[in-house]
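Peer 1: Guided by the hints, dock chain B onto chain A, whose structure is given.
2 protein chains.
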Amino acid sequence: MLKTSEASLDPENWQDFRQQGHRMLDDMLDYIENLRERPVWQPIPPAARAVFAAPLPKQSGDLREAHQTFMQDVLPYAIGNSHPGFMGWVHGGGNPVGMLAEMLSAGLNANLGGREQIPVEVERQLLRWVRELFDFPETATGLFVTGTSMANLISVLVARTAAQGCEVREQGLPDGHRLTAYTSVSAHVSVAQALDMAGIGTNALRKISLNVQFQMDVADLERKIAEDKVAGMTPFMIAATAGTVDVGAIDPLQAIADIAKREGIWFHVDGAFGALGMLAGDIAPRLSGIERADSIAFDFHKWGQVPYDAGFVLVRDGELHHNTFASPVAYLKRETRGMAAGSPWPCDFGPDLSRSFRALKTWFTLQVYGSEKLGSVISNTCALAQYLRQRVEDSHELELLAPVALNIVCFRYRSEEPDRVNADIVIALQESGIVAPSSTTINGHFAIRAAIVNHRTEIRDIDALIEATLLFGDKITNKINM
Amino acid sequence: MLKTSEASLDPENWQDFRQQGHRMLDDMLDYIENLRERPVWQPIPPAARAVFAAPLPKQSGDLREAHQTFMQDVLPYAIGNSHPGFMGWVHGGGNPVGMLAEMLSAGLNANLGGREQIPVEVERQLLRWVRELFDFPETATGLFVTGTSMANLISVLVARTAAQGCEVREQGLPDGHRLTAYTSVSAHVSVAQALDMAGIGTNALRKISLNVQFQMDVADLERKIAEDKVAGMTPFMIAATAGTVDVGAIDPLQAIADIAKREGIWFHVDGAFGALGMLAGDIAPRLSGIERADSIAFDFHKWGQVPYDAGFVLVRDGELHHNTFASPVAYLKRETRGMAAGSPWPCDFGPDLSRSFRALKTWFTLQVYGSEKLGSVISNTCALAQYLRQRVEDSHELELLAPVALNIVCFRYRSEEPDRVNADIVIALQESGIVAPSSTTINGHFAIRAAIVNHRTEIRDIDALIEATLLFGDKITNKINM
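Line order of the protein sequences matches chains A and B. Going by my numbering, the first residue of the first sequence is number 1, and it counts up by one from there. Going by my numbering, the first residue of the second sequence is number 1001, and it counts up by one from there.
For the record, the hints were derived by calculation from the structure and aren't laboratory data. There could be a bad hint or two in this list.
[Claimed, not checked] Cut-off 25 Å, straight-line C-alpha distance, at most; resulting in silico cross-link-like pairs (PhoX-like, lysine-lysine):
id	chain 1	residue 1	chain 2	residue 2
1	A	Lys-58	B	Lys-1373
2	B	Lys-1261	B	Lys-1229
3	B	Lys-1261	B	Lys-1207
4	B	Lys-1207	A	Lys-333
5	A	Lys-333	A	Lys-373
6	B	Lys-1333	A	Lys-207
7	A	Lys-373	B	Lys-1224
8	B	Lys-1207	B	Lys-1224
This is chain A alone, in the form it adopts within the complex:
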């Protein structure tokens, strides 16, 4: 009946397996070492797509063949965010130390939901480092999550508990609760989505207008809160942004903190990419006020260059955080000895019971590079953005569409039909494989958006962006024939 010796998924021949593993590691290191020789991105040929149309494989296959498929049909058709020429969206570049750490993590196969194990202790060390970075008290709690979208959701739920008490967990949102929240019109969609998921609804989110720096307009915030209070609403959360997704603006955190304190409203900072500016000596002062937040959401996989995914949420009031998620059930019972010791566990602070060891790749990245080096990477992306801004301003054919606060530059090629022409330019740039910005809409105008996040990006990549933009712009507007 029992065929246990055949059941294991471990290789029959470890030596063969080892050789193949080393080949895979070498191929991956070759890929990273020679990234610059490749196109940033290229369209997916139908033949590559067709490879992934096969039905569920019943029989065992060969690891070598699977790896070959990966090399031929996956690797060349990624989105390109590890490439120095990638400037589309705020994606980090990853790093080879983080890759090796993730291999260790996958081999260890730890579940970070809880229990008495050192991996949880490593995550706790990361929490202490994050507290230190944001000057939060020792009672603050935190947790790795997939990304800031999830961190924003957790923050909204803790703020909901602060406003409604723990009864909200059992009773649900009470009829006529009239909760309202506040964020700028430039906030990331995940803030609204968190209110949606939490049952509060996105209509409860007041969109505050922007000042000329594309920051939340504090006067408008005060006005909307006052109006809501007059109307009998219960303002419960302000979600400021440290680094908006469109232009990289930082909301006036000190002024918002003052208002939140005066009004007794939860002060959340969505610092998806911007919060880690705290690592950079020249950026940190501009985040002043973040240390007063009730909760902060951010990603190590953006400016922190940790491989995807590694989001984090930090909550000042650890007890409230715990009481928003902890649950007493038999199979999660805690002991003082054995494997069920070590309470409280990560699962007491968020929705996940199955959680990979995200802390390890983050620990290796911080341990090996150090916070100063990671900070210098961040400073450098901002310096490159200023260099790009200057090159745009120096060109008669280009114009800037938004101030450059951090590492994002929104600009366009001047034309009589700017929206159509610049949309065509972005596609041409992407399809060229030279450099890959994305696009957004600024004050109703189509913008080429270069988000410089990758530690591999250099001046020559900025120059290539300018030159290719001018070339494709001239071509699309028929100034030159190609």
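Peer 2: Chain B in isolation, oriented as in the chain A frame:
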């Protein structure tokens, strides 16, 4: 101003880095190859814990040293779920192919939120394989998530949309909505937590009693739905369980599907570990009815042996699933060409915009082992559980506390003080490092709970569990002196 050549996180000396990478891979393969020689688990010595008390490192460190710390102070103090003797909680054992794939994934550093890239296509292939496995229509949608807790939340949110319309996203839960949901008293806590997070509240979750097989009592389900309807409530979701966390029972899915259909209620299956029983010829028939579900939540990292984390949610009504999460914002704008093509994207079906390439380790695992081999692993764990049941029943000193439906065996050592003695036995077993069950409460009694999930577990590990339980039981009750 710009010091770009110093900014990159790539190694200065690739050859050195490569050598170190190969050493790390070898060490990890050694670890997996020789797992059986190690203790399953061991208490964390204070010295190891102290290693992780250091503050945030400012300066760069040595990768060799970081790796040495990992080898000395992390690897020996994991929870042990990759070890053949691990039987505590339903944790998968991981697999070496999945480990290599995760390394590729971390090196590629893809963000699976969306865009035109083959990694998204690989995830779509996995979705097609999952549809095939559960006999779902081509219009069904799905998505990788961390784990079933998140998959349950997504399912509750789609069911909420089904009941309340898409307006619930903007307007929030309407006053006096009176939604109610149904699950058995043995359901996983994440079902209740999903209702909590969604703003509905856990009081809205009716806990259905169990029959003698520890399955949801269908008569009680019908009664409670009828009572709620009389009371003016709106029953909107039944969450059945395929493989309960305590004893591994499968709710009567066909009967529940009939009731859900008749009453027009969303039929969800939490199949965290059990749903992948569909891969095993002898288990699949017992999941009959799962193919009628409106949504299924499960983990590839449990019975599927994919490294943590790799949960999945499958939703029959793809349009409803899309409309519960999709959002039109400028920086997520879709194009028909370039990098912003390929809509709809994974971020249109769940809360995450930053998502690692979970599909790759799952794809490699299925591609290399094949579904039949993975199915035989699942069958084997159930056969081992029956073997353990038989050994318990054959022993005068032991007694079974619940029927063995799948791969979980709850039993105890007979004693006049059974709760205290068996609690001590579990701690002693765990601290022995021989074999590591966990505990739970069955009908108010403390139970030793052996969850056999790992593909490496063999008859000798079951024998070791029995022998060590008897030995520690005799010792704790002073039948023998040690």
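Peer 1: With a cut-off of 25 Å on the C-alpha distance, tell me whether Lys-58/A and Lys-1373/B pass.
Peer 2: 8 Å, holds
Peer 1: Below or equal to 25 Å on CA atoms is what counts here, so check Lys-373/A against Lys-1224/B.
Peer 2: At roughly 61 Å apart (the allowed maximum being 25 Å), Lys-1224/B and Lys-373/A break the hint.
Peer 1: Does Lys-1229/B lie within 25 Å of Lys-1261/B when you go C-alpha to C-alpha?
Peer 2: 16 Å, holds
Peer 1: Run the distance test for Lys-1207/B versus Lys-333/A: straight-line Cα separation, threshold 25 Å.
Peer 2: Roughly 20 Å separates the two Cα atoms, so the pair holds.
Peer 1: Taken at face value, is the distance from the CA of Lys-373/A to the CA of Lys-333/A at most 25 Å?
Peer 2: 42 Å, violated
Peer 1: For the pair supplied as a hint, Lys-1207/B and Lys-1224/B, is the alpha-carbon distance within the 25 Å limit?
Peer 2: 9 Å, holds
Peer 1: Tell me if the straight-line CA distance from Lys-1261/B to Lys-1207/B falls inside 25 Å.
Peer 2: 20 Å, holds
Peer 1: Just to be careful, I want the Cα atoms of Lys-1333/B and Lys-207/A compared with a cutoff of 25 Å; is the pair within it?
Peer 2: The given pair, whose Cα atoms are some 20 Å apart, holds under the 25 Å limit.
When held up to the earlier numbered hints, the structure conflicts with 5, 7 and fits the remainder.
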